Amino acid sequence: MTRIVIVGGGTGGTVLANRLADELGPELDAGDVEVVLVNDDPDHVYKPVYLYVAFGERTPADARRPLTDLVDPAVTLDIGRVTGVDTAAKTLAFADGAEMDYDHLVVATGADLAPAEVPGLEAGGHHFYGPEGAERLRDALAEFESGHLVLSVVGVPHMCPAAPLEFVLMADAWLRDRGRRADVDITYTYPIQRAHGIQSIADWATEAFEERDIELRTFTNPDAVDPETQVLETMEGEEIPYDLLVAIPPHTGSDLVTENGLGDDGWIPVDRHTLEATDLEDVYAIGDAADVPTSKAGSVAHYEAGVVADRLASEVRGQVPTATYDGKTICFVESGMDEATFVEFGYGETPVVREPSQTLHWAKLAYNESYWLTARGLL
Amino acid sequence: MSEPLQPDVTVDSRGATCPGPLMDLIGKVKPADEGTVFELRTGDSSSKNDVPEWVEKAGHELLDVVEHEDGYWSIYVKKV
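From first to last, the protein sequence lines are chains A and B.
Residue numbers for the first sequence follow our numbering, so the first one is 1 and each next one is one higher.
Residue numbers for the second sequence follow our numbering, so the first one is 1 and each next one is one higher.
No lab work stands behind these hints: they were computed from the structure.
Predicted, not measured: the structure shown is a model, and the values here were computed from it.
Beta carbons: idealized from backbone N, C-alpha and C, even for Gly.
Any given hint might turn out to be false.
[To be verified] Now the stretches of chain B that chain A is said to cover, found in silico as 3 or more residues with beta-carbon under 8 Å: (1) 4-15; (2) 20-27; (3) 51-61.
Let's have the full structure, built from the sequences with the hints guiding it.
Written out as structure tokens, the structure is:
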């Protein structure tokens, strides 16, 4: 019997498990293949919900559903924490002392937040990348009547490269709706010389910022925060005072990756087209854990999962795998509280930013609801 | 002709779209020790200008920019 083990039940791991259940149905029924999905939480978490939590539009509970509701019954669901990977012996060790052999391993352990990497950031800054952070930010925004709101992209790489833009554009609209905008200055800081990594998105955002009186500061890489004096200090030697700091914190890959030597900084080097780990045998990596030159975004994990499902199905059947990933990335980008735009691109491509519209905003909200079909491998 | 530089860290951003080569480099430079030498590999011609501009602003040292025949550049940077 061939055992495929997927470690991580986020978007990539869950979509992959369900796609494999679909593609390898006869082999699973015959007992020739086993697909195991291991996650350390019985729930699946859809992280994009947290942006809306900050504005009081959703709750953290909206982001969670039990994996048992999402994963095909043909998949063996194992709720536990993998702590050890021996790629030579092809075994996994669990925190509870259990062990498991595998024939094919897929690492889909995602990204974690590491705000402690920047002194003062935990005490001085807010974020919307997790349930507690988003709720704390919601409460701070609710009471924020006047002053300097600074959104700073501190950590690179980070999940969802569109989210910082979305936050300031939504905050601008949210504050205007409540009559507070005249008393609030908004600043957006970005590490490189423009407002976003992709030129066309940067151009669009720069124009939107000018229209909405949002200050853009480029080449700004904060390396410390002073929570007492409420000042952001940068690698470039500048100081930025703030009254409410919303930061994109530094990110790191899973401890499982770093502690088992699977990749530096927690990201696993892979062939960007096949997603096979370059230095490890019979190991794939997908989603944020994979070190590919595109966004750490749910759409990337989703499309990568489809490619790896095809490749693993071919391998199980003794065929040469031919499916490849071309860097396909799709992002809906909120550009206010009731309008959004949409971009799509692959490796080396520059996307066209569509004119923002209410229809695209509704499309984003509709997708957020239908995401649960994506997790089931249906959409 | 001088010997090729020996980087401590190689950042391979060839084909990078989002967030881009300079972001990849900054992410590596930030936690590194002073004196660490980086090689950024990029096929993005605008990075030839963007990276030195940031290196100067952040006070690091641009060691060299080498163009390769197969369509990419190696930009060598030392963290100061």
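Results of checking the hints against the structure:
1. 4-15: holds (count 3)
2. 20-27: With 6 residues in contact (Cβ-Cβ under 8 Å with chain A), the coverage given for the region 20-27 of chain B holds.
3. 51-61: holds (count 5)
No hint from the list above goes unmet by this structure.
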